[in-house]
Amino acid sequence: GDSVTQTEGPVTVSESESLIINCTYSATSIAYPNLFWYVRYPGEGLQLLLKVITAGQKGSSRGFEATYNKETTSFHLQKASVQESDSAVYYCALLTGNTGKLIFGLGTTLQVQP
Amino acid sequence: EAAVTQSPRNKVAVTGGKVTLSCNQTNNHNNMYWYRQDTGHGLRLIHYSYGAGSTEKGDIPDGYKASRPSQENFSLILELATPSQTSVYFCASGDPGLGGYEQYFGPGTRLTVL
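Protein chains in written order, with the numbering used here: chain A, 1 to 114; chain B, 1 to 114.
No lab work stands behind these hints, which were simulated from the structure alone. Heads up, a few of these hints could be off.
Said to hold, decoys possible - Straight-line C-alpha distance at most 25 Å; calculated DSS-like pairs for lysine-lysine:
1. Lys101(A) to Lys57(B)
2. Lys18(B) to Lys65(B)
3. Lys101(A) to Lys58(A)
4. Lys79(A) to Lys58(A)
5. Lys65(B) to Lys101(A)
6. Lys58(A) to Lys70(A)
Only chain A is shown next, with the shape it has when bound in the complex:
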């Protein structure tokens, strides 16, 4: 079946350091799934961070970026210089079929130290 595996947390980095959160997927129900990164800040609901619907393309938002790699079935999230305000839980997700059903990874808690 379809699944998403992402970096286990918590991940702790210092402010201004670089970040990578790994995400790999398995999609058996659809050849080219839409891929997403969602973020949940403390006390808030999930927000879409970025999405990519075409293999080989890169999505970016708020300094974060992720490239849809069909060959390695990966969609890693990267940021060159994190800020304390980036502390949150990050979820990688893929869209299966036509129902709009999202398959989520377990989430990665990011803690940015000042």
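Given the structure of chain A, go ahead and fit chain B onto it with the hints provided.
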């Protein structure tokens, strides 16, 4: 303004009691979803709906019912609540479009069943 709202935000229920979680969206989306989020499981789909009067089973529907009386409202019903249903519940709405398919989430409801 928040486009997906949930009520209540927090709920404490007793085992065997009936619980109703409500969701309202102003996005005019046809599709709505209920997820639960638990440590070690990420978000899992409980029920979803394609429009008023429609409800479909997701991946973990046992012990839950859903109701979609209108385009805007989607409820999740626990007829006989159990401690295993203690979780954070998220409602979402979304429709497919040319730019892909993204879901908009509410802030979540924290349910504790004692």
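message: Given the hinted pair lysine 101(A) and lysine 57(B), is their Cα-Cα distance within 25 Å?
response: holds, 11 Å
- prompt: Do the alpha carbons of lysine 101(A) and lysine 58(A) lie within 25 Å of each other, as the hint requires?
  reply: Between lysine 101(A) and lysine 58(A) the Cα gap is close to 22 Å, so the pair holds against 25 Å.
- prompt: Going straight from one Cα to the other, do lysine 18(B) and lysine 65(B) come out at no more than 25 Å?
  reply: holds, 11 Å
- prompt: Regarding the pair lysine 65(B) and lysine 101(A), is the alpha-carbon distance no greater than 25 Å?
  reply: OK: lysine 65(B) and lysine 101(A) at ~18 Å, within 25 Å.
query: Is the straight-line distance between the alpha-carbon of lysine 58(A) and that of lysine 70(A) 25 Å or less?
result: holds, 12 Å
- prompt: Given the proposed pairing of lysine 79(A) with lysine 58(A), does the C-alpha separation stay at or below 25 Å?
  reply: Since the Cα atoms of lysine 79(A) and lysine 58(A) sit roughly 13 Å apart, the hinted pair holds (cutoff 25 Å).
Going down the numbered hints, you'll see the structure goes against none, and every one checks out.
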